[in-house]
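Once you have looked at the hints, place chain B on chain A.
Respectively, the protein sequence lines represent chains A and B.
Everything in the first sequence is counted per numbering that gives the first Met the number 0, starting at 0 for the first residue and increasing by one.
Everything in the second sequence is counted per numbering that gives the first Met the number 0, starting at 0 for the first residue and increasing by one.
Derived by calculation from the structure, the hints in this document are not laboratory data.
Mixed in with the good hints, there may be bad ones.
In silico contact screen, one side only, chain A against chain B (beta carbon under 8 angstroms); selected entries [what the hints assert, rightly or not]:
1) Asp33
2) Gly37
3) Glu188
4) Leu190
5) Gly191
6) Arg195
7) Met260
8) Met264
Far from chain A, some chain B residues (derived; all Cβ distances over 12 angstroms) [stated by the list, open to error]:
9) Lys1
10) Gly72
11) Val89
12) Asp145
Calculated cross-link-like contacts (lysine to any residue; reagent style SDA-like; alpha-carbon spacing at most 25 angstroms) [said to hold, decoys possible]:
13) B:Lys94 - A:Glu188
14) B:Lys108 - A:Leu186
15) B:Lys74 - A:Glu188
16) B:Lys139 - A:Leu265
17) A:Lys141 - B:Ser54
18) B:Lys94 - A:Val139
19) B:Lys94 - A:Lys298
20) A:Lys285 - A:Thr166
21) B:Lys61 - A:Glu101
22) B:Lys37 - B:Lys153
23) B:Lys153 - A:Lys141
24) B:Lys94 - A:Asn268
25) A:Lys141 - B:Ser60
26) B:Lys108 - A:Ser194
27) B:Lys153 - A:Asn268
28) B:Lys156 - A:Val267
29) A:Lys298 - A:Glu209
Glycine included, C-beta positions come from ideal geometry on N, C-alpha and C.
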Amino acid sequence: MSTKKKERIVLEHGTGGLLSQKLVSEFIVSILSDLYLGKMEDSAILNLDTKAIAMTTDSFVVDPIFFGNGNIGKISICGTVNDLAVSGAKPMYITLSLVMEEGLALADLSKILKSIHDTAKEANVQIVAGDTKVVRKGEVDKIFINTSGVGTFGNNRERLTIPLIQTGDDIIVTGNIGNHSIHILSLREGLGYESRVLSDCAPLNHMIDEVVERAGKGKVHLMRDLTRGGLGASLNEIAFGCKRNIEINLDQIPVQYETRMASDMLGVNPIYLANEGTLVIFCDPKSTSQILKTLKANKYGLNSQLVGKVSKNKESVVFGIDKEGEKTVIENLYGQELPRLC
Amino acid sequence: MKKYAVITNDLQFAAAHKHKERRRAVAKFLPKQGEFLKKMRTLGVSIIHLQLVVSESDPRSKGISDELKFTEGSKGVRILEDVLAKSDIVVKKPKDSGFFNTNLEDVLKKLQITDVIITGMQTQICVQTTAADAYFRGYKVLVPSDGVVSTRKKDTKRALEWMAGYCATVMTLEEIFNYVKENLH
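Bound-form chain A, shown alone (with noise of 0.2 angstroms):
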């Protein structure tokens, strides 16, 4: 019986038999065809161009795997695409790794593997190895993926690390905060916001590239996609790491109404809510208007804003400044402000 005829994962697609060779060769490949370059050996050897290349993991565990505006597979990729995509690096290669829980319905792999195969073919990087297993009801929730990626610094690409960031350069969000989060909670609690708030999960690294290329040589300095921990996290991390405090506008952080409304009556921040497809970036101030005019005429940068500058003092501290110039702390954020997202 051949795997489409199966209709549903079963144990026997995991154990390196025929089914599993089936799965993968006639089901998971012709799905992925143009973009999947593995040769079904044991590694894949690939040609770079550059002596310097960037690397990432992520797994995803995202609950649940299908959502308004996308699914798991389109968050893996845009995952690992955007962490390459902010160091500066050109996305070049993933990796794939399916963990399936018996039973996933074969019809829901095939739309998840679409999704991955539209986003990488979005993003211009090609699938050059992956792995399948199958594990026991109840051992997965459905899908978890697992995607490692490789990008290069040719033609001279800029590195972007915190060290490069100076006194004064402003701060960017690329867009509204929060959405991604409160999508997905929506969907999973029934709150009524998950046809009003999309997810942001997209892939950036078109969009980065016209960013750094636009700006001029040396005028980013650094970029963050604000996933896990959102903006806050990532803010205290950054003001850690450069050794100076950071001012932000709370007015002018970037927020859906619809978001703000439903953070609200949850009670949380959307200052901490994950995201997927939004970045702050770090510049010269000389460039900002050049950024913001770039990122406002992509798709994904619609909601751009200047948001803060980096301050002089080295206490790394991150300020929120309200309309009336009070100024709290933006806390680091402890723990997890909600489960299962990405």
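Below, chain B without anything else, positioned relative to chain A:
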């Protein structure tokens, strides 16, 4: 033309009897709620009860007596007799908001409802999410400050403030009855 419906949330045996504090809070709230619904029925206002129904595999169904379960056919899932009349409509729901994966919006559209009065328990969960969802869908939302209940009073207070700020007009049951009566004639 204005057309009103009262939507109650989770006025079910399991929710009303969850624990001692809940029973106490509901006992205070229920007589007034029952009276309000009776009066609204005399005005011809539709009463829609949102009934939480979860699956047997739901963690909330594990290790508890039948009276405290929200599963189909359990004693707990029943709508409280104090608030239920034959003419009322019951809409089953799986989650917090009454609109989430339910036919509530179809029911409201069929009845040509323009304004919804959202009542029941708990204020900070189902009432609040249903109110927000109704607002998003273009309904005018009225919430009676004495027609909603939570185990803890402070939760109701905070949720009412939130709804008044974002999506609803908060009035008393009596004010709402008078308002609807005036606007019907």
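Going down the list of hints, with the structure as the test:
Restraint check, Asp33 of chain A versus chain B: the minimum CB separation of about 37 angstroms is more than 8 angstroms; hint violated. Interface restraint check for Gly37 of chain A: the shortest CB-CB distance to chain B comes to about 37 angstroms, outside 8 angstroms, so the restraint is violated. Hint status for Glu188 of chain A: holds, given a least beta-carbon distance of 5 angstroms to chain B, under 8 angstroms. Residue-level restraint check for Leu190 of chain A holds (minimum Cβ-Cβ distance to chain B is 5 angstroms; threshold 8 angstroms).
Given the 8 angstroms rule on beta carbons, the hint for Gly191 of chain A holds: about 3 angstroms separates it from the nearest Cβ of chain B. The interface hint given for Arg195 of chain A is met, as the beta carbon of that residue sits about 5 angstroms from the closest beta carbon of chain B, less than 8 angstroms. With a cut of 8 angstroms, the hint placing Met260 of chain A at the interface with chain B holds, because the nearest CB-to-CB distance is about 5 angstroms. For Met264 of chain A, the shortest C-beta to C-beta distance to chain B is roughly 6 angstroms, which falls under 8 angstroms, so the interface hint holds.
No beta-carbon of chain A is positioned within 12 angstroms of the beta-carbon of Lys1 of chain B; the least distance is around 23 angstroms. Annotated as non-interface, Gly72 of chain B keeps its C-beta farther than 12 angstroms from every C-beta of chain A; the closest such distance is 22 angstroms. Val89 of chain B, annotated as away from the interface, keeps every beta carbon of chain A farther than 12 angstroms; the closest lies near 18 angstroms. With 12 angstroms as the threshold on Cβ separation, the claim that Asp145 of chain B sits away from chain A holds: the shortest Cβ distance comes to roughly 21 angstroms.
Proximity of Lys94 of chain B to Glu188 of chain A is assessed by CA-CA distance (about 6 angstroms); at most 25 angstroms being required, the pair is judged to hold. Straight-line distance between C-alpha atoms of Lys108 of chain B and Leu186 of chain A comes to about 23 angstroms, which keeps the hinted pair within the 25 angstroms bound. With a C-alpha separation of about 24 angstroms, the suggested pairing of Lys74 of chain B with Glu188 of chain A holds against the 25 angstroms cut-off. Restraint check for Lys139 of chain B and Leu265 of chain A: satisfied, since their Cα atoms lie roughly 22 angstroms apart, inside the 25 angstroms limit.
At most 25 angstroms may separate the alpha-carbon atoms for a hinted pair to count; Lys141 of chain A and Ser54 of chain B meet this at roughly 18 angstroms. About 23 angstroms separates the Cα atoms of Lys94 of chain B and Val139 of chain A, which keeps this hinted pair within 25 angstroms; it holds. Distance check on the hinted pair: Lys94 of chain B and Lys298 of chain A sit about 33 angstroms apart at the alpha-carbon level, beyond 25 angstroms; violated. At most 25 angstroms may separate the alpha-carbon atoms for a hinted pair to count; Lys285 of chain A and Thr166 of chain A meet this at roughly 13 angstroms.
Our distance criterion of 25 angstroms between C-alpha atoms is met by Lys61 of chain B and Glu101 of chain A, whose separation comes to about 23 angstroms. Distance hint between Lys37 of chain B and Lys153 of chain B is unfulfilled; the C-alpha atoms sit about 28 angstroms from each other, more than 25 angstroms. With a CA separation close to 39 angstroms, the supplied pair Lys153 of chain B and Lys141 of chain A exceeds the 25 angstroms bound. The straight-line distance between the Cα atoms of Lys94 of chain B and Asn268 of chain A is roughly 23 angstroms, inside the 25 angstroms bound, and the hint therefore holds.
Only pairs whose Cα atoms come within 25 angstroms are accepted, and Lys141 of chain A paired with Ser60 of chain B is accepted, the gap being roughly 21 angstroms. With a CA separation close to 19 angstroms, the supplied pair Lys108 of chain B and Ser194 of chain A stays within the 25 angstroms bound. Between the alpha carbons of Lys153 of chain B and Asn268 of chain A the distance comes to roughly 20 angstroms, so the proposed pair stays at or under 25 angstroms and holds. For the hint linking Lys156 of chain B to Val267 of chain A, the alpha-carbon distance of about 18 angstroms falls within 25 angstroms, and the restraint holds.
A C-alpha spacing of about 13 angstroms is found between Lys298 of chain A and Glu209 of chain A, which places the hinted pair at or below 25 angstroms, so the restraint holds.
Hints 1, 2, 19, 22 and 23, counting from the list given before, are not met by this structure.
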